[in-house]
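Participant: Sequence:
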Amino acid sequence: MLKEGDQLPNEDVYEGSVENKFSIHQLFENKKGILLGFQGAFTPICSKHHLPSYIDRLNQLKEKGFDYVVCVMVNDPFVTSEWEKVYNLPSNIRLIADPRATFTKAIGMDQEFSELGLRSKEYAMIIDNNRVKKLLIEPDPKYTSISLAESVFTYL
Numbered sequence: 096m097l098k099e100g101d102q103l104p105n106e107d108v109y110e111g112s113v114e115n116k117f118s119i120h121q122l123f124e125n126k127k128g129i130l131l132g133f134q135g136a137f138t139p140i141c142s143k144h145h146l147p148s149y150i151d152r153l154n155q156l157k158e159k160g161f162d163y164v165v166c167v168m169v170n171d172p173f174v175t176s177e178w179e180k181v182y183n184l185p186s187n188i189r190l191i192a193d194p195r196a197t198f199t200k201a202i203g204m205d206q207e208f209s210e211l212g213l214r215s216k217e218y219a220m221i222i223d224n225n226r227v228k229k230l231l232i233e234p235d236p237k238y239t240s241i242s243l244a245e246s247v248f249t250y251l
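Per the numbering used here, the sequence shown starts with residue 96, numbered consecutively.
Think of the hints as simulated: they come from the structure by calculation, not from any bench. All of these numbers come straight from a predicted model, not from anything done at the bench. Honestly, I wouldn't trust all of these hints.
The list that follows gives simulated cross-link-like pairs (lysine-lysine, DSS-like), each with its CA atoms no further than 27 Å apart [claimed, not checked]:
| hint | residue 1 | residue 2 |
| --- | --- | --- |
| 1 | Lys157 | Lys143 |
| 2 | Lys98 | Lys237 |
| 3 | Lys143 | Lys229 |
| 4 | Lys216 | Lys229 |
| 5 | Lys180 | Lys143 |
| 6 | Lys237 | Lys216 |
| 7 | Lys237 | Lys116 |
| 8 | Lys126 | Lys237 |
| 9 | Lys216 | Lys228 |
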């Protein structure tokens with residue numbers, strides 16, 4: 096499992112379509128950001144709590160020198176694209192698809208849900224130039240607390 100101080104694995108992910116494939120390193124090369132793991136687009140916890148907590152604090156993140164918030168989920172890029180449209184997200188919040196869970200498995204955040212299949216654990220990472228500065232993993236998949244923006248801000 097990935098830990099603080101480690102470099103992110105250089106796995107391919109997608110944004111918006113299957114044609115828009117790139118490596119996770121491209122997102123964080125010489126950049127500072129928050130990397131979030133979501134159980135999936137349109138899931139109640141992610142839709143009502145996780146994502147909105149970062150939308151509400153986006154200006155504060157910019158003031159602290161963060162380039163963007165990247166949300167990774169085990170979904171196809173068409174689903175993440177539709178979810179992005181629902182929220183009309185600014186360009187510095189990016190919804191990234193990991194349809195085969197290659198990135199999610201590489202960082203050890205994959206979790207099998209009996210009803211949903213393979214998904215990501217809920218987590219938040221503070222990333223600086225592809226290196227994990229802080230890692231917060233939710234202990235219970237039914238609740239989100241330590242990976243919400245309010246918690247992450249205590250480490251900035």
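Participant: Going through the earlier hints one by one, which of them does the structure break, listed in rising order?
Facilitator: 7 and 8
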